[in-house]
Amino acid sequence: MHDRKVVRRRRAVLGLLVACALILLTAYFGEGAGGGLHSIQRGALAVFSPIESVASDAVKPFRDLFGWFGDTFHAKGQNKKLKKEVEQLRTQVAQLSGDLRSSKQLDKVAALDDNANLTSMGLVDGRVVLASPTLWYSTVTINRGTSDGVHVNDPVINGDGLVGIVSKTVSDASQVLLITDPQNGVAARMADTGVPGFVQTGSPGNPNDLLMQRLPRNATPHVGEMVVTAGTATPAYPTFFPPHIPIGEVSKVDPNELDASQQIHIRPFADMHNLDDVQVITKPTTRSLPVTTTG
Amino acid sequence: MMARGNPQLVVRLTILALVLVLVQLMFFAQVPVFGAIADLSPLVVMSVGLLCGPVTGAGFGFAIGLMIDTALLQTMGLTSLVLIAVGYFAGRLREARDPQSTFAPLALGAGAAAIATIGYGIGQFLLGFNHPLSWLLVKQTLATIILDALLALPVNALVRRWLTPVLPEDPRRRRRRAYTTGGLSPLQKA
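Protein chains in written order, with this note's numbering: chain W, 1 to 295; chain B, 1001 to 1190.
By construction, these hints were calculated from the structure, which means they are not laboratory data. Heads up, the beta-carbon is just placed ideally off N, CA and C, and yes, glycines get one too. Some hints could be false.
Partial list, derived from the structure: chain B residues whose beta carbon lies under 7 Å from chain W [as the list claims (entries may be wrong)]:
#	residue
1	L1025
2	V1055
3	A1114
Okay, chain W solo, but in the shape it has when bound:
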């Protein structure tokens, strides 16, 4: 009799908890970004972000230590492969260095920094304090918010290239939707040839694979080509990203895939699994500079 009572109570509690979770899920999914549950989340983030920032500073040395171990293992594995590549590249460099100096290539690389003109776009330095543990969310939380001039839809970069876009923000913290998130997409072009396309995640859960889609039929991309943001080419299709920010390089060109789906694979420059210091572009100028499409 007692057991039956305990079982009934246990099932009642379980049912109640499941019902609460389902109600939360339905309510959250149904409401807009300004809804009650979203406001509670933003309020909690605003309250706890200073604590998170301090705690993140405290654990940073341990993170760095683990990162160092990981990098060492990774480096050891790649050492052999890289040595071989270095030999090949050294030969190539010897052949090309003379031509390269006189070519427009160097001018283009130098112009990349000049054209992007990021310093005039209100860069705000930030640091990643929280990251999602699941494979399904590609977001991180940074320790900069509206009080630092950060707005929703501000692009986020780091020393390597484009990282993502601010999706939510409170006074002292912001959520950044990484470019590897399925919800994110960037108008892009090849840095050298100007071939336009649209970059978005290739395989969700894989931070090293992006797809550059909607390439022109006559495009002939090559592995290793750099891909940059395109900026707003026409007012009809505005973008939040300024032009000329490096996104990644072409990692795979499958002729069948290119022919059938007009898409190629890109490896992003920014390491999405090891994000630490980032910059938010708070005054982005998204106007695209005229480019010549030669592809």
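Mind docking chain B on chain W? Use the hints.
Below, chain B alone, put in the same frame as chain W:
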């Protein structure tokens, strides 16, 4: 309902939840090990379920899920739903089987991680995640499960050490002692 009427246990569970969420989101989520991200939340919820029973396990899972979803501005309720299942099943397993093997947490950790990652994935697809399931995603899910299974032993030991002082005497443990010592504790017998 072990936590009810045991304020010390409630305090310890609250501290455990706060530490877990902070350590998980600030450290483990940002340190990939062999390409996989360790997710301690299902392991800790499993350990609490094993020690405290299904109701406390499910309640603890609900609370942890709510905290993670709130902190990461994720869809609220989904992580809770998954972790309720982990906590409840771990608690029921304790009631039905009471696994005592040293390596039981290894298998249970893998199970808990599998429920959490696969359950979360199913939830994402039901909520409109419109990308095909890639082989790489499957590989990463498996890597997370294996990594969690390896971490289950130390995590379970730590949680056990933290909660045991405030847990009521387990009737099963008492029965075992009665069988081996004739009803007396070793101290009384001496």
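Status of the hints after comparison with the structure:
The beta carbon of L1025(B) is positioned within 7 Å of a beta carbon in chain W (closest approach about 4 Å), and the interface hint is therefore held. Because the beta carbon of V1055(B) sits about 5 Å from the nearest beta carbon in chain W, less than 7 Å, this interface hint is met. The interface hint given for A1114(B) is violated, since its Cβ lies 13 Å from the closest Cβ of chain W, which is over the 7 Å cut-off.
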